[in-house]
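Visitor: Please model the complete structure; the sequences and the hints are all you need to start from.
Line order of the protein sequences matches chains R and S.
According to my numbering, the residues represented by the first sequence are 1 to 218, in order.
According to my numbering, the residues represented by the second sequence are 1 to 163, in order.
Honestly, the hints are just simulated from the structure, not real lab data.
A couple of the hints might just be wrong.
[To be verified] DSS-like mimics (lysine-lysine), calculated; alpha carbons at most 25 Å apart, straight line:
id, chain 1, residue 1, chain 2, residue 2
1, S, LYS19, R, LYS31
2, R, LYS31, S, LYS73
3, S, LYS72, R, LYS38
4, S, LYS153, S, LYS50
5, R, LYS205, R, LYS92
6, R, LYS3, S, LYS156
7, R, LYS31, S, LYS75
8, S, LYS148, R, LYS11
9, R, LYS11, S, LYS151
10, S, LYS75, R, LYS38
11, S, LYS50, R, LYS11
12, R, LYS11, S, LYS72
13, R, LYS38, S, LYS73
14, S, LYS73, R, LYS196
15, S, LYS155, R, LYS11
16, R, LYS96, R, LYS205
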Amino acid sequence: MEKSIEDIWSKGFSEYTEMDIPQLNNLYSRKSEHLIDKYRNIFGKNINWIVIGASIMLIATSLLGFAYFGVAMFLMLNFMALVDKRLLSRLKEIDKFKNSYEYLQSFRAWMQYRGNVNIQIARVFYPFFFLSLVLGICFFKLDGQMLLFHLLDALRENFSNSYWLWGIPALMLGGIMGISALLLKFAERLYKWDIKLVYGEIMGKLDDLLEDIEELRS
Amino acid sequence: MSSDFYQASILPYAGIIIKICRAYTHTQADFEDYYQEVCLQIWRSRDRFKGDSNWSTWIYRLSLNVCLTLLKKDKKQQRLNIDEVLELEQEVESPHFSDEDLNQLYQAIRKLKEIDRAVILLYLEEKSYQEIAEIMGTNANNVGVRIKRIKEKLKKMLYGKVY
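Guide: Okay, structure coming up:
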């Protein structure tokens, strides 16, 4: 005999017990897993993009006669990708079967570690990037001659009275060194800004989640 | 979320939340995700409850909104990942309730349009047309017509004919 949908509904749920209700302690488990999986995916993809980007940069700069910059960046970016790859394998070692709180705490500790490692690299990377760019421009060939010589000729004509050091105007040398020093000084801030741009949303969610769990545990 | 809040303000309505989440998910894992998210959103939005409606009505509205938002997000993600869709299709048939008739009814409900699912859930929970209209932001007449149509569709899906 056909039953009405109202009967099916009321009869079906009359046998429903509290056993079927997800427990509060498990509320965050999948959420934590998702959050970390999402981070791991983005991080893994970013590593691949760094390698792809470095390769494209190498080819493009070689074709444009800007190879010094391309080779330097290729080496540096691949080194960064290698370091990140190792960091990623450490992330994969975090035990998923811990409770959500410990799992998220381990993840946060890993983030801290990753941040410390990458800040050290950033201190080299940003000045290195700038110096490579300057060298790349200097060694760029224009009319069969390096751009550096064209530049020095022009500077000699216009700033002959200024102080020169190692065949380069001291002001220009000072400027390059000054910018490099600033990049070194602000490397940590630049790195954090960079990270916030890419992972800011996930990091915000991590903080919210930990705050929720801490409140629940208190 | 405090344990007290969960015990006092969510747990008595867990049945409602479960019924809604089941209607919008196919797998146990997704169901748990949706349930979690609804509970967390209730807790986070608790200050926005002004007492204009019943707490249970407010929970209905919020649960439906969360489920519809998650569903939209999931659909978008599935469009990007065909493997997950195939995996999901394999899991679709897994029963959630011990009562076979209820499982079949849920399967039929899941085939309805998203808004129709919400309307029929509210109807089956014995909400008045007026209450359903308030929750769904429409009028009682519209709700009545819609419920009649949805019930016919469900009967057709369950028994293959319309009365």
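Visitor: Between LYS3 (chain R) and LYS156 (chain S), does the CA-CA distance stay at or below 25 Å?
Guide: With Cα atoms ~13 Å apart, LYS3 (chain R) and LYS156 (chain S) stay inside 25 Å; holds.
Visitor: Has the given pair, LYS11 (chain R) with LYS151 (chain S), been kept, meaning a C-alpha gap of at most 25 Å?
Guide: Satisfied, since the Cα-Cα distance of roughly 18 Å is no more than 25 Å.
Visitor: Has the given pair, LYS155 (chain S) with LYS11 (chain R), been kept, meaning a C-alpha gap of at most 25 Å?
Guide: 17 Å, holds
Visitor: Sort out whether LYS73 (chain S) lies within 25 Å of LYS31 (chain R), counting only the CA atoms.
Guide: With a Cα-Cα distance of about 15 Å, the restraint between LYS31 (chain R) and LYS73 (chain S) holds, given a limit of 25 Å.
Visitor: Take the C-alpha atoms of LYS75 (chain S) and LYS38 (chain R), compute the straight-line distance between them, and say whether it is at most 25 Å.
Guide: Given pair LYS75 (chain S), LYS38 (chain R) holds - Cα atoms ~17 Å apart, limit 25 Å.
Visitor: Holds or violated: LYS72 (chain S) with LYS38 (chain R), Cα cutoff 25 Å?
Guide: Given that 25 Å is the threshold and the Cα spacing comes to 18 Å, the pair holds.
Visitor: Holds or violated: LYS19 (chain S) and LYS31 (chain R), Cα atoms, limit 25 Å.
Guide: Within the cut-off at roughly 20 Å; holds.
Visitor: Regarding the pair LYS50 (chain S) and LYS11 (chain R), is the alpha-carbon distance no greater than 25 Å?
Guide: Cα-Cα ~34 Å, so violated.
Visitor: Given the hint that LYS153 (chain S) pairs with LYS50 (chain S), does the C-alpha gap stay at or below 25 Å?
Guide: Roughly 37 Å between the alpha carbons, so the hint for LYS153 (chain S) and LYS50 (chain S) is violated.
Visitor: For the pair we were handed, LYS31 (chain R) and LYS75 (chain S), check the Cα-Cα distance against 25 Å.
Guide: Holds, at about 18 Å.
Visitor: Sort out whether LYS73 (chain S) lies within 25 Å of LYS38 (chain R), counting only the CA atoms.
Guide: With Cα atoms ~14 Å apart, LYS38 (chain R) and LYS73 (chain S) stay inside 25 Å; holds.
Visitor: Hinted pair, alpha-carbon criterion (25 Å max): LYS205 (chain R), LYS92 (chain R). Please report holds or violated.
Guide: Status holds; Cα separation ~20 Å.
Violation of the numbered hints given earlier is confined to hints 4, 11, 12; the remaining hints are satisfied by the structure.
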